[in-house]
Amino acid sequence: MTAALRAEIRKVLTTRMWWLLALVLFGYLAFLGAVMAFSLTTDPSSVSSSLGTVDKLDGLTIAKTVDTLAVSLGYVFPLVIGALSFAGEFRHQTISPTFLAEPRRGVVLVAKLAGGAMLGAAYGVVGTAGAVLGGLPFLLVKGDGAHLDDRGVLADLVFSVLAMAIWCVIGVGLGTLITNQVASIVVILAFTQFVEPVLRIGLTSVDRLAEAQKFLPGAAAEALAGSSLYSTTGVVTLLDRGWGAVVLLAYAGLFALLGRYTTLRRDIS
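Residue numbers (numbering that gives the first Met the number 0): 0 to 268.
Just so you know, these hints were derived from the structure itself, not from any lab. Take the hints with a grain of salt, since some may be wrong.
[Unchecked claim] Each pair of labels, with its calculated beta carbon distance range:
no. : residue 1 : residue 2 : range
1   : Thr1      : Leu99     : 17 to 27 Å
2   : Asn179    : Arg9      : 22 to 32 Å
3   : Thr261    : Ala6      : 22 to 32 Å
4   : Ala6      : Ala209    : 43 to 53 Å
5   : Val157    : Val205    : 30 to 40 Å
6   : Ala154    : Leu188    : 23 to 33 Å
7   : Pro96     : Asp57     : 51 to 61 Å
What you are looking at is a predicted structure, and each value in this text was computed from that prediction instead of being measured. All residues carry an ideal CB built from backbone N, CA and C; glycine is no exception.
Could you put the whole structure together from the sequences, leaning on the hints where they help?
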């Protein structure tokens with residue numbers, strides 16, 4: 000198991016993809032953090048046209064909203080890099096040597112899941128740091144502080160990193176199911192950028208289905224983080240943090256099991 004995990008980590012670190020995506024993630028979240036911090040400290044209603052009506056927010060709520068932007072808007076990055084850990088091997092035809100080196104496919108899957116969790120945590124640190132640093136000047140100058148000494152804010156930062164780690168694990172499981180690299184990226188982008196946001200807003204607008212949106216993976220991740228751009232603006236409500244963790248881990252386990260007993264049971268050529 001240790002050798003398989005070491006091999007998976009080496010595969011990631013010997014390519015440029017992981018650090019290029021990390022740089023883009025940092026820049027993207029720094030920009031969003033700056034924009035959101037400026038908007039919320041200047042006029043919260045400036046984001047109401049697309050996200051709902053925003054009441055006057057206190058400084059602590061604004062800080063938590065900005066600090067958890069990685070989970071709300073940046074989770075596609077760990078999801079993609081996780082999916083590529085399997086789909087990329089099928090694309091470059093290295094999956095056969097991988098299984099020759101370690102014939103126990105379950106061990107390979109667990110190693111990739113563990114490696115994905117570590118990589119996702121690193122992306123969580125990078126993305127969260129980007130959001131915090133991007134929003135920091137506006138929170139200090141225009142708001143009433145960044146509240147980085149508040150235990151609730153620190154907890155949100157830690158759980159944001161954990162949520163990003165689980166997103167990468169979900170990506171690994173998804174990569175076992177959709178082994179075509181292009182198809183997996185297209186599915187991820189379509190679901191994260193269009194399908195789930197529309198579903199969340201659509202379900203919320205129907206009283207009998209409003210609670211269902213809480214169990215979508217993006218909503219569960221935001222519940223785990225403890226704050227959300229969507230919930231702050233009043234568009235949606237979230238589960239408790241514990242239930243958010245349970246739901247998000249359930250998605251990770253489901254995709255991994257489906258991949259293990261479908262794709263990884265077939266002959267690989």
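Hints, one by one, checked against the model:
no., hint, verdict
1, Thr1 <-> Leu99: 17 to 27 Å, "18 Å, holds"
2, Asn179 <-> Arg9: 22 to 32 Å, "24 Å, holds"
3, Thr261 <-> Ala6: 22 to 32 Å, "23 Å, holds"
4, Ala6 <-> Ala209: 43 to 53 Å, "46 Å, holds"
5, Val157 <-> Val205: 30 to 40 Å, "35 Å, holds"
6, Ala154 <-> Leu188: 23 to 33 Å, "31 Å, holds"
7, Pro96 <-> Asp57: 51 to 61 Å, "56 Å, holds"
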